[in-house]
Every structure is written in structure tokens, then in C-alpha cells.
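Visitor: So the chains spell out like this:
2 protein chains.
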Amino acid sequence: MSKYERFSKTQLLEKKNELIESYKKFKAKGLQLNMSRGKPGADQLDLSLGVLSCISDSENCKSESGSDCRNYGTLDGIPEAKRLFADMLNVSPEEIIIGGNSSLNMMYDTFARAMIHGVLGSDKPWAKLEKVKFLCPCPGYDRHFTICEHFGIEMISVENTSEGPDMAEVKRLAENDDSIKGIWCTPKYSNPEGITYTDDVVDAFAALKPAAKDFRIFWDNAYCVHHLSEEQDTLKNILTTLRANGKEDMVFMYGSTSKVSFPGSGVAMMAASKANIAFTKKQLFAQTIGPDELNQLRHVRFFKNLDGIKEHMKKHAAILKPKFDAVINTFEKELSGKGIAEWTSPRGGYFISLNTLDGCAKRTVELCLEAGVVITPAGATYPYGKDPRDRNIRIAPTFPPVAELETAIDLFCLCVKLAAVEKLLEA
Amino acid sequence: MSKYERFSKTQLLEKKNELIESYKKFKAKGLQLNMSRGKPGADQLDLSLGVLSCISDSENCKSESGSDCRNYGTLDGIPEAKRLFADMLNVSPEEIIIGGNSSLNMMYDTFARAMIHGVLGSDKPWAKLEKVKFLCPCPGYDRHFTICEHFGIEMISVENTSEGPDMAEVKRLAENDDSIKGIWCTPKYSNPEGITYTDDVVDAFAALKPAAKDFRIFWDNAYCVHHLSEEQDTLKNILTTLRANGKEDMVFMYGSTSKVSFPGSGVAMMAASKANIAFTKKQLFAQTIGPDELNQLRHVRFFKNLDGIKEHMKKHAAILKPKFDAVINTFEKELSGKGIAEWTSPRGGYFISLNTLDGCAKRTVELCLEAGVVITPAGATYPYGKDPRDRNIRIAPTFPPVAELETAIDLFCLCVKLAAVEKLLEA
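Chains as they are written, first to last, in numbering that gives the first Met the number 0: chain A, 0 to 426; chain B, 0 to 426.
One chain only, chain A, in its complex shape (with noise of 0.2 Å):
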């Protein structure tokens, strides 16, 4: 197969025609299917249907303190719950609170609760600074930067490599501008390219010296244990890399059983140093009486232990393989060799990020709109939804069946070739 660019004019408008064909084939079906969002599918949802059943009377709602979780309870988790996410997000008992169903509003309170107070450490509360700044690794995760637009905070892209954020301009950003106040992070299996930080990019946020002595990594650990198969990447544990340099205070991590359990009603959870979680957990006070224990203890009751969800993902896998399968297997097959679009293969996660000729994303899904396959809006994974080159594509084929992921895919690739060309003709 030869590359687009390669064509004459008239080869293009002879590969348009042909592609304006099949499209309005396409169009015809009436399709109307979704990829825009990481869901996972029904039958994954089944996966733990044991998690609604396993409390049902007085005597097995007590926690292992002799707690009755339906009542009010403690502000920071039952203690079986702190030690089994503690396990998930390999760090201590002690440095771990347990929150309601969303690690998101998890994060949101905390940079509300930093733009009211301050982090530990804040010479003042973020919201009496003249600026405040983050860092935005992208191709990211909409909904982080949907917070920094919310609290006014000014975000600056740093390009995502294929190992993580560009640190060495993670560096001269963070070292040089004491506004900049944090950084974004999805370390594993990110959110959208699926790719997992390298020892390396760990071992640069250690050795990282923030000018402003409150920076924050926000460690957004979604897909910590979300693997498609056996073959697994690894992560640094980064509050112990920090520690071992003195620096244990500069991360939040962040994790869920969003994609574990329930998307809906999941357990959220937030790690940090114990100094952090001291300080936070004074401020926490304020905010709540305390979360929903019952649905930790059901947790802890179903899944039991690390081993217990590590085995419960392998049966989340052997459901998401296929679909992720059948995506790349497409790409190879429609796409590779024509010079048209690059994509990444992640080991775990739940997207796959797409780049196209610049300039293409935006028509991309248009196209694919248009005849009823509804795609993340391209821009998204950009700050402000902006991608400078207008190229970056989530894929989501976690949702729906393989069939229905199947033509949809087929209809995707042909929009980015249809607008491949649309493009290629214009120059």
C-alpha cells in the first residue's frame, strides 16, 4: 500500500469517490452506536453483581472495629477498606483515605480545598494568589482540565511521550515559575495513549525542585490495576521514590473501583504522605460527616484482598481484550502504511489514542457524527479543547459489543482516510 501523500490529484479524487461511496453506504445502515466514553460494558458490570448482595442483614454490616457502617461513622474509612486500597495503591494504611464513588470529586476537593486553604506547606490559599498555574501533560484526560478551567487555573501543555510527560520541560516550566503550582499526571495505562510512565520520568519527578515549595503532583492512578492480559507494565511506586528524597509531601494519588467494580457506585480513594493526610483530613471535617462505609465493607467483603481483585480484572480483561483486539487489528489492516494516522497498543487501560494528519481529527469525527457513530470530541484531550494540531482522537471501545465496536471501527477508519484525503487535496 503507498502513502497518500504519494498520490497525484487524480489519485485522490479517484480514492475520494471510492471512500464517498462506502461512506454513503455507511450512512445508510442509520447506525447509531457510541464510543465517546470510557464505560465499561454491561457484561463487565455483571462481573460483580456479588458486590450488591453480600450485605443484607444487621450482624454483617460491622466492620472489623465493631463499627455499624450504616450508621455515622469515621472520616476517612472502616479500616479493612484502608488496608485493601492501601494494598491496590501500594502504599500504607496510614496514608490512605477511602471517600465516596468518585476519585474525580475526590481531586476537585482538593484543589478546592487548596484554593481555600492552601496545600500543607501554602504561604497562602491558592485563591489569593494573582496566579495560579498548572502543568498539563497531553494528549490528557478532559475531565482534569475541566477542573483547572473551573477554579480559573491557567494550564500550559507539556507534550506526552511515550514514556510520559516531557520532563525536561516539566523541569524548566516547574523550576522556573513559582505560579506553576502542579502537574497533572495518569501514570499508568493513561488516559488516552495507555502508556505507563517509565522509571526514568519517576525518578525525574523526584528530582524535580519546584520553585513553588507547595507544587503537586496529582497522581491520578485510574488504571493501576487494569491490564488486558498477562503481559503487564509496571510502575514505580512514586511516594516511596519522593520519600527517599525528601519529597514524600509532593504527590495526591488517586484511585477508584470505577472500572473495578461499579462506574456508578465504586469506592474512590486518595493517597499521600502522612503529613498530607493529617492536614486534610482536619480540613475533611468541615466538608462531611463521612462517606459511604457500607459500600466499603460490601467491597472488601466481595473482592477480600489484592489477590481477590487481581482476579477479578483478569475476568474484566479476558471481556476487554477482544474489543481492544479488534480496534488495533483494524488500524493495521485499514490504515497502517498509508502515512495517515499513527495509534498507540496499550497493555491495559481503557483507550486507545489515535493521531491523524494534522489538521484532520475535528472533520474525523464529524464525519463518523454524521453517519452515526458518535467518537470523543477531538480537541478534548487538549486543555481548553484545543489541540494545536488538530490531529488527537480517543478511542473508548470498552462499551459497547464486539459487533457493534466492529463497524464502528470500519466506519472510523474510513472517515480518517476520507478526511486524509479531503485534506491532502486542499494543499
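Treat the hints as calculated values from the structure; they're not laboratory data. Hints may contain errors.
Same chains, same names: a pair is fine if it fits in one copy or spans any two.
With a Cα cut of at most 20 Å, we get these calculated SDA-like pairs of lysine to any residue [said to hold, decoys possible]:
1. K280 to R142
2. K281 to D141
3. K127 to S178
4. K61 to G49
5. K127 to H149
6. K332 to E4
7. K127 to F150
8. K246 to R388
9. K123 to F150
10. K38 to F284
11. K61 to A41
12. K281 to G120
13. K127 to E153
14. K422 to N354
15. K38 to T73
16. K132 to H116
17. K127 to H116
18. K61 to P400
19. K61 to P399
20. K61 to L46
21. K61 to D42
Bear in mind the structure is a predicted one, so any value in this text is a computation, not a measurement.
Dock chain B against the given chain A, drawing on the hints supplied.
Guide: Same frame as chain A, but now just chain B:
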């Protein structure tokens, strides 16, 4: 029985010795009782066990809209939960947002959003103002005051009469100081006095013309369906009353099932005008992906409708009424006619409020604690924990079994008397 204040010094000393003898006997018992928190007892929690088991398979995880409540959902709740709890708060389903497990958390979040962005109609975020003040009818709920303290909001005490807040004082303050941004209210079976605002008080709120155009009434209707018997207080609908005066944006209402189903695992909600709800939902998008819809569905399945909640609350009342009666009867028997205490006899809610002689509340609570009975700290019912007359004590009779409660209240009455005699001997 004669009043203590008419006693001679000799009589007081005799009485003191007699009381100390009894107190020693109590101390010898080595009691370990807790009447400090408004927690339901285990028998009350058992009433709602059906909530836990009513959802267990994939089919009954679906809301009436067809959405799978296990997966990511909506920001503001499933339709059937909005309908049920709108009925409970006496608003329309378009005027409600269903939240997580804690209405206190929703109030805190409302403040946080107001600080960062302001409320509908604010010129500036509250955090950007030099001064923000709040009116705090007293005695009141300590956790409300903690929220203000957390956000650095200056609290101004206003007297709570038997009809509700002293509205002449509220008017005088709110209409002449635009840094006063709102007022805390627990309008029904108030915490701690158990009184319900009269129609005149609600009408006075609707007639209020606050100097701050973004003034907000925080209407914490925590005990809206929490009657102790068929003799029930009724509360005029503040939202419709305000609407009739063109001021429907002036109130935020809150409620929850914390003391209907489970304190730790209930459902919380916020109600307001449609304009306020739209404004809030726009901000909520940054904050979370959505609350636990499965728990909403559990509650709807179990309670079905408002009649279901009302019937359920009768079962709570059957457990709680004897406890309230035990306290009030003992107060009557031990304290009446002595001129040393006054108390309320609520028809609902979770608390009884008692005023000692001025300057005797702390001492009374301290004496109880020394003999093994924990009472809500004196002062907790006032901003900054400071009761200017040191006389108000909140009694929370719900958690201990009746026999323990009777012992605790016997001791409490003894301590009220002993503290009073000590005080009178000082004079």
C-alpha cells in the same frame, strides 16, 4: 417543691451534700454511656434492612429511564429518585438535585462554590470579598457553624425563639449590611430545640429585603418527616412563599434520608428554584461524574413513594417516642419547680434542648463526663463553641436503649442540680 434560689446557704449546703452522696453512687457504677450524637439506634437501622437487598441482579439495576444505575449516570439523579424526594421536600422534580450520602456535604459544597464563583446573581465570588458574614440563629447545629468557620465567614448570633429566629433582628441585620450573605435555618424540629418555624416566620423571610442581592437562606430541612407521634408540626413551604414575592432564588433547601434509612448510606438532596438548580448543575459538572445512582434506586424500590416514607417514619417514632418521653418525664419529675432548668418538648426530630441556670452548662456536662456519661459539649450549639450565657445543653436521646437512657438522664438531672447548687453557693 421550692425553688433553689430561695434556699438559705445552710439549705444549699445540705442539698449539696445530699447530691454529692448520690453522685458518688453513680460514679461507683462505672457507667460508659453516650448521649452526645443524634444517631439512630441499631433497632432503627434494622427497619431499613430491606434497602440493602432490594437490588441484586442486572435487570433490577435499571432506572425507569432505562439507564443502568451501576454505570456512569447523570449529575442530578435518576427520575424516580427526584420524584420521590421532591415529594418529601414539597418541591417539583425540576427543583431538586440528588446527591451522595450527606446533605452536610452538599451544604459545604454550596459554600465552596459560592466562595469560588459566587451564587446566581453575585457580582463577585464570596472569597474575593473583604468580609462575608452569616446569620446564625442560636442555639443551632454545630456542623453548620463549622462550615462557616472553615470558610472564614464571620458568624452573627441571632436568638431562636419558640417560633423560629427573631425575625425583627434578622431584618435589622440583613437589611442594613450587604456583607451578610445568608442565614442558617433548621426550620422543622430544629436542632437542638425541636421547634418548627411558624407561618409568620416563613412569611417574614419572604418579606425580607436583604442588602446583599445574593443573600441565601440555607434551609436545612433534615427532620421534615421525623414526627414522634400523630401530633405533628407543619411547616409552611418557603419556596412557594418566596416565589409569591418574586424571591424564589433566595433559598437553598436540603434534606436526606440519614435518619430515614441509614446515616452513613442514605441519600442526600438539595432543592431550589429552577434558575438556582440550572446554575448549580453547570458548576457540578466540574465537580463529579455523578452520585451513586444504585443507592438512589435502592431507596426508591424500598420506600416506593412518600406514603411509604411516612409509614416507615411511624416505625421510627414507635421506637423514639418512649425515649423522648423518658427524658421529658424525668425532667418533669426531677427538675420542674426548682427554678434551675427549662427544656423543650419537641413533637419530632432528634433532640431536646435544656437551659440550665446561667453559667452552669459546662459544669453540668463536665460532671456527667466524670461519671461516665458523654453529653454534647456545652457551647456546641453556638458559633465558635461559645454560649454567652453558658446555659444551653443539647440532649440526644435516640441512640442508647431506654434502660441506659434512663440511667443517663437520672445522672444528668443530678448534675444539673449539683451545678446549680454550686453556682448559687458562689453568689
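Visitor: Hints first: check each against the structure and report whether it holds.
Guide: Evaluated hints:
Taking identical chains as interchangeable, the C-alpha atoms of K280 and R142 lie at most 20 Å apart only when they sit on different chains, with a minimum of 16 Å there against 25 Å within one chain. For the homomeric pair K281 and D141, the shortest alpha-carbon distance between copies (16 Å) is at most 20 Å, but the shortest distance inside one copy (30 Å) is not. For the homomeric pair K127 and S178, the shortest alpha-carbon distances inside one copy (12 Å) and between copies (19 Å) are both at most 20 Å. Taking the closest pair of Cα atoms, K61 and G49 come within 20 Å of each other both inside a single copy (18 Å) and across two copies (17 Å).
For the homomeric pair K127 and H149, the shortest alpha-carbon distances inside one copy (16 Å) and between copies (16 Å) are both at most 20 Å. In this assembly of identical chains, K332 and E4 lie within 20 Å of each other by CA distance solely inside one copy; the values are 18 Å within and 97 Å between copies. In this homomeric assembly, K127 and F150 come within 20 Å of each other (Cα to Cα) both inside a single copy, at 12 Å, and across copies, at 13 Å. Taking identical chains as interchangeable, the C-alpha atoms of K246 and R388 are never at most 20 Å apart, the minima being 36 Å within one chain and 49 Å between chains.
In the homo-oligomer, the alpha carbons of K123 and F150 lie at most 20 Å apart both inside one protomer (16 Å) and across protomers (14 Å), since each shortest distance falls under that limit. Taking CA atoms no more than 20 Å apart as the test, K38 paired with F284 passes between copies only; the shortest distance there is 17 Å, against 33 Å inside one copy. Taking the shortest Cα distances, K61 and A41 sit within 20 Å of each other only across copies (11 Å), while inside one copy they are farther apart (30 Å). With identical chains, the CA atoms of K281 and G120 are at most 20 Å apart within one copy only, with a shortest distance of 15 Å there and 32 Å across copies.
Taking identical chains as interchangeable, the C-alpha atoms of K127 and E153 lie at most 20 Å apart whether they share a chain (15 Å) or sit on different chains (18 Å). Only within a single protomer do K422 and N354 lie at most 20 Å apart by alpha-carbon distance; the minimum there is 14 Å, versus 80 Å between protomers. Proximity of K38 and T73 under a CA criterion of 20 Å is satisfied inter-copy only: 13 Å between copies versus 31 Å inside one chain copy. Both within a single protomer and between protomers do K132 and H116 lie at most 20 Å apart by alpha-carbon distance, with minima of 17 Å and 18 Å respectively.
Both within a single protomer and between protomers do K127 and H116 lie at most 20 Å apart by alpha-carbon distance, with minima of 9 Å and 14 Å respectively. Taking identical chains as interchangeable, the C-alpha atoms of K61 and P400 lie at most 20 Å apart only when they sit on different chains, with a minimum of 19 Å there against 39 Å within one chain. Taking CA atoms no more than 20 Å apart as the test, K61 paired with P399 passes between copies only; the shortest distance there is 18 Å, against 39 Å inside one copy. Proximity of K61 to L46 under the C-alpha cut-off of 20 Å is restricted to the inter-copy arrangement: shortest distance 16 Å between copies versus 25 Å within a copy.
Taking the shortest alpha-carbon separations for K61 and D42, only the inter-copy value of 14 Å comes in at or below 20 Å, while the best intra-copy value is 31 Å.
This entry does not satisfy hint 8, going by the numbered hints stated previously; all others are met.
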